[in-house]
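Peer 1: Protein chains in written order, with the working numbering: chain B, 1 to 355; chain D, 1 to 186.
Source of the hints: derived by calculation from the structure; they are not laboratory data.
For clarity, every value in this text was computed on a predicted model and none was experimentally measured.
Just so you know, not all the hints are guaranteed correct.
[Said to hold, decoys possible] Label pairs and their calculated CB-CB ranges:
no.: 1; chain 1: D; residue 1: Gly75; chain 2: B; residue 2: Gly210; range: 30 to 38 angstroms
no.: 2; chain 1: D; residue 1: Thr178; chain 2: B; residue 2: Met64; range: 28 to 36 angstroms
no.: 3; chain 1: D; residue 1: Gly82; chain 2: B; residue 2: Gln326; range: 26 to 34 angstroms
no.: 4; chain 1: D; residue 1: Pro28; chain 2: B; residue 2: Arg49; range: 46 to 54 angstroms
no.: 5; chain 1: D; residue 1: Ser114; chain 2: B; residue 2: Asp76; range: 58 to 66 angstroms
no.: 6; chain 1: D; residue 1: Ala135; chain 2: B; residue 2: Asp267; range: 30 to 38 angstroms
no.: 7; chain 1: B; residue 1: Ile277; chain 2: D; residue 2: Gly82; range: 56 to 64 angstroms
no.: 8; chain 1: B; residue 1: Arg49; chain 2: D; residue 2: Ser87; range: 34 to 42 angstroms
no.: 9; chain 1: D; residue 1: Gly82; chain 2: B; residue 2: Thr256; range: 46 to 54 angstroms
no.: 10; chain 1: D; residue 1: Glu138; chain 2: B; residue 2: Ala93; range: 43 to 51 angstroms
no.: 11; chain 1: D; residue 1: Glu138; chain 2: B; residue 2: Thr63; range: 35 to 43 angstroms
no.: 12; chain 1: B; residue 1: Ala12; chain 2: D; residue 2: Lys175; range: 21 to 29 angstroms
no.: 13; chain 1: B; residue 1: Ala12; chain 2: D; residue 2: Thr128; range: 29 to 37 angstroms
The beta-carbon is built from N, C-alpha and C at its ideal position, and this holds for glycine as well.
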Amino acid sequence: MNEGDSTQLILAQKKPWNDNANAIWLASTVNLLRNIEKFKFPGKLNEERKKQIIALVSKELLTMNSLAQPSLIKADIIGTLEKEFLAEHFLSAQNYNQTEAGEGFILDHSGEFLATLNIRDHIHFQLIDCKGELENTWSRLVKIETNLGKILNYSFLPKFGFLTADPTQCGTALLVSVYLQVPGLIHTNKIDEILEKISDDSIIVAGIQGSPTEIIGDVLVVQNNYTLGLTEENIVSSIRSFTTKLLVEENAARNTVKNEDSSEIKDKVSRAFGILIHSYQIEAIEALNALSILKLGIDSHWITGIDHKQINELFFNCRRAHLICQFHEKFSQENIPHKRAEYIHKSLKDVKLTI
Amino acid sequence: MADDYENNISDEEKLPDRPLECSECKKPISVRYTEIIGGHCTRTSMCADCPELYRRLHGTSTRSSSITQTETTAGLACGNCGTTLESLYVGIPVGCSVCYEVFDDVLLSEMIASQKIPSRITIPKKSTPIHIGRAPGESQEMNPSLRLLALNEALNETLKKEDYEQAAWLRDQIKALTEHPEKTNE
Numbered sequence: 001m002n003e004g005d006s007t008q009l010i011l012a013q014k015k016p017w018n019d020n021a022n023a024i025w026l027a028s029t030v031n032l033l034r035n036i037e038k039f040k041f042p043g044k045l046n047e048e049r050k051k052q053i054i055a056l057v058s059k060e061l062l063t064m065n066s067l068a069q070p071s072l073i074k075a076d077i078i079g080t081l082e083k084e085f086l087a088e089h090f091l092s093a094q095n096y097n098q099t100e101a102g103e104g105f106i107l108d109h110s111g112e113f114l115a116t117l118n119i120r121d122h123i124h125f126q127l128i129d130c131k132g133e134l135e136n137t138w139s140r141l142v143k144i145e146t147n148l149g150k151i152l153n154y155s156f157l158p159k160f161g162f163l164t165a166d167p168t169q170c171g172t173a174l175l176v177s178v179y180l181q182v183p184g185l186i187h188t189n190k191i192d193e194i195l196e197k198i199s200d201d202s203i204i205v206a207g208i209q210g211s212p213t214e215i216i217g218d219v220l221v222v223q224n225n226y227t228l229g230l231t232e233e234n235i236v237s238s239i240r241s242f243t244t245k246l247l248v249e250e251n252a253a254r255n256t257v258k259n260e261d262s263s264e265i266k267d268k269v270s271r272a273f274g275i276l277i278h279s280y281q282i283e284a285i286e287a288l289n290a291l292s293i294l295k296l297g298i299d300s301h302w303i304t305g306i307d308h309k310q311i312n313e314l315f316f317n318c319r320r321a322h323l324i325c326q327f328h329e330k331f332s333q334e335n336i337p338h339k340r341a342e343y344i345h346k347s348l349k350d351v352k353l354t355i
Numbered sequence: 001m002a003d004d005y006e007n008n009i010s011d012e013e014k015l016p017d018r019p020l021e022c023s024e025c026k027k028p029i030s031v032r033y034t035e036i037i038g039g040h041c042t043r044t045s046m047c048a049d050c051p052e053l054y055r056r057l058h059g060t061s062t063r064s065s066s067i068t069q070t071e072t073t074a075g076l077a078c079g080n081c082g083t084t085l086e087s088l089y090v091g092i093p094v095g096c097s098v099c100y101e102v103f104d105d106v107l108l109s110e111m112i113a114s115q116k117i118p119s120r121i122t123i124p125k126k127s128t129p130i131h132i133g134r135a136p137g138e139s140q141e142m143n144p145s146l147r148l149l150a151l152n153e154a155l156n157e158t159l160k161k162e163d164y165e166q167a168a169w170l171r172d173q174i175k176a177l178t179e180h181p182e183k184t185n186e
């Protein structure tokens, strides 16, 4: 695949978050890490050996029935914008800017599947889901992984399970993340109390960029803490159980906001709306924070002309690489905050504040 | 005389073969360690800078001793990919699957120190598996009622708190799932 086709394929991916009307559950990702037996891990491989891995894996994955028209994109033929777009699209914790020859990506037409090749581990299978279907997503990914495992042998030891470059991810090598937007709990200052109440040592909660203290856009990322010493079913069920409890608490907090008619929260919603509508330039973090507070306004009927589905779309689309791709003309780096403001104004043009 | 000869043979046969490489890190043997406790005798063959030797001589494997251990065993390296013990301690990823066998105990103590192993798991003997679940070639089906279990658990908690609004929301979700079970088992 040449550079133009690869760019086209990445940027024209279906956006799984379109049509997600869920007020809290933004997305979830399920990841499986695998290395191929007898090969050293990517950090110790030269380019030629890495290319052999790509050839071995892509030969099988590109003809797999469970994927919708998969394609291989080599990391050295795409630019940084495409790499950033991929990381944003799949909510990846690592960015792919440093990827080079001998590394690559396999995507399919669903816009939900990504396999990264030779980045830390030989294969990092990933599915993103925006429908709250955690169990089904896990089953789909296991199917892809086991199909490939029929042809290639994965590195495995009975003691440590599936072996990974980061030893703290060995065992099941399954990483599950759920992205929950909880402005109700955060802006009523109940979040710490609730997280302490439902805490579970098998779960870690962090912000969208991995920091446990910096919460952006009121999004909490609920992840499994252990990959070794428990089954994949245990991991998925503990995440499901934790997120269900958090969803119940967030629903309750939003009902409290609605019923208490608090001036403080009304002020926050009005200010957030003002920032989004009247800013000439706006940074991503400020925009994501304000969009989250609008959700409180929608639930309390203080804001009309927009629903959760549109806010969710805006939330994902106003991140840097996605924003740049909304516009067909080219613009400078310094102009991005202004273009973001412009894009948000356009999306919120029918929205009214009724407080 | 013939009997004595036979006895000698059988005595020799009883002795285990002298291993050529360290039982811990696969380096050539330089120390043969014999420990007699009560009437019981154990023999271990190790390389000179073996972490196991250090543990036997100084006892324990606490966090503080494992740090000292780093200094004494800095030369330990994986024979397959060259990853050194030092590099593991500074967080460089392991280089190959052989590293897991070479640095077995070190990796385990690192995982315990960073709380990446459930606390209920007692650290097993050297060869006992810690991994639970699928092995290569095995597939696992998700129990379709898992999501229902989580919803029921949350429902019971909300009822205890007498939050009937949330209970109703949860009941709706349970109802939707039980009426359309294919949604949970696609």
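Peer 1: Confirm or reject each hint.
Peer 2: These are the hints, each one checked on the structure:
Taken as a hint, the range 30 to 38 angstroms holds for the pair D/Gly75 and B/Gly210, whose Cβ atoms sit roughly 35 angstroms apart. The hinted range of 28 to 36 angstroms is satisfied by D/Thr178 and B/Met64, whose Cβ atoms lie roughly 34 angstroms apart. A hinted range of 26 to 34 angstroms for the beta carbons of D/Gly82 and B/Gln326 is inconsistent with their spacing of about 47 angstroms. Restraint check, D/Pro28 to B/Arg49: a C-beta distance of roughly 29 angstroms breaks the suggested window 46 to 54 angstroms.
Taking 58 to 66 angstroms as the suggested C-beta distance range, the pair D/Ser114 and B/Asp76 does not conform, at roughly 34 angstroms. For the pair D/Ala135 and B/Asp267, the beta carbons lie near 57 angstroms from each other, so the given range of 30 to 38 angstroms is not met. Between B/Ile277 and D/Gly82, the C-beta spacing of about 59 angstroms keeps the proposed range 56 to 64 angstroms intact. Between B/Arg49 and D/Ser87 the beta carbon distance is about 20 angstroms. The supplied range of 34 to 42 angstroms is therefore violated.
Hint check: D/Gly82 to B/Thr256, Cβ distance near 59 angstroms, so the stated range 46 to 54 angstroms is violated. Between D/Glu138 and B/Ala93 the C-beta distance comes to about 28 angstroms, which lies outside the given range of 43 to 51 angstroms. Checked against the hint of 35 to 43 angstroms, the C-beta distance between D/Glu138 and B/Thr63 comes to roughly 23 angstroms, which is inconsistent with it. In this structure the hint that B/Ala12 and D/Lys175 lie 21 to 29 angstroms apart at CB is violated, the actual value being about 39 angstroms.
Between B/Ala12 and D/Thr128 the C-beta distance comes to about 50 angstroms, which lies outside the given range of 29 to 37 angstroms.
Checked against the numbered hints given earlier, this structure breaks hints 3, 4, 5, 6, 8, 9, 10, 11, 12 and 13; the rest are met.
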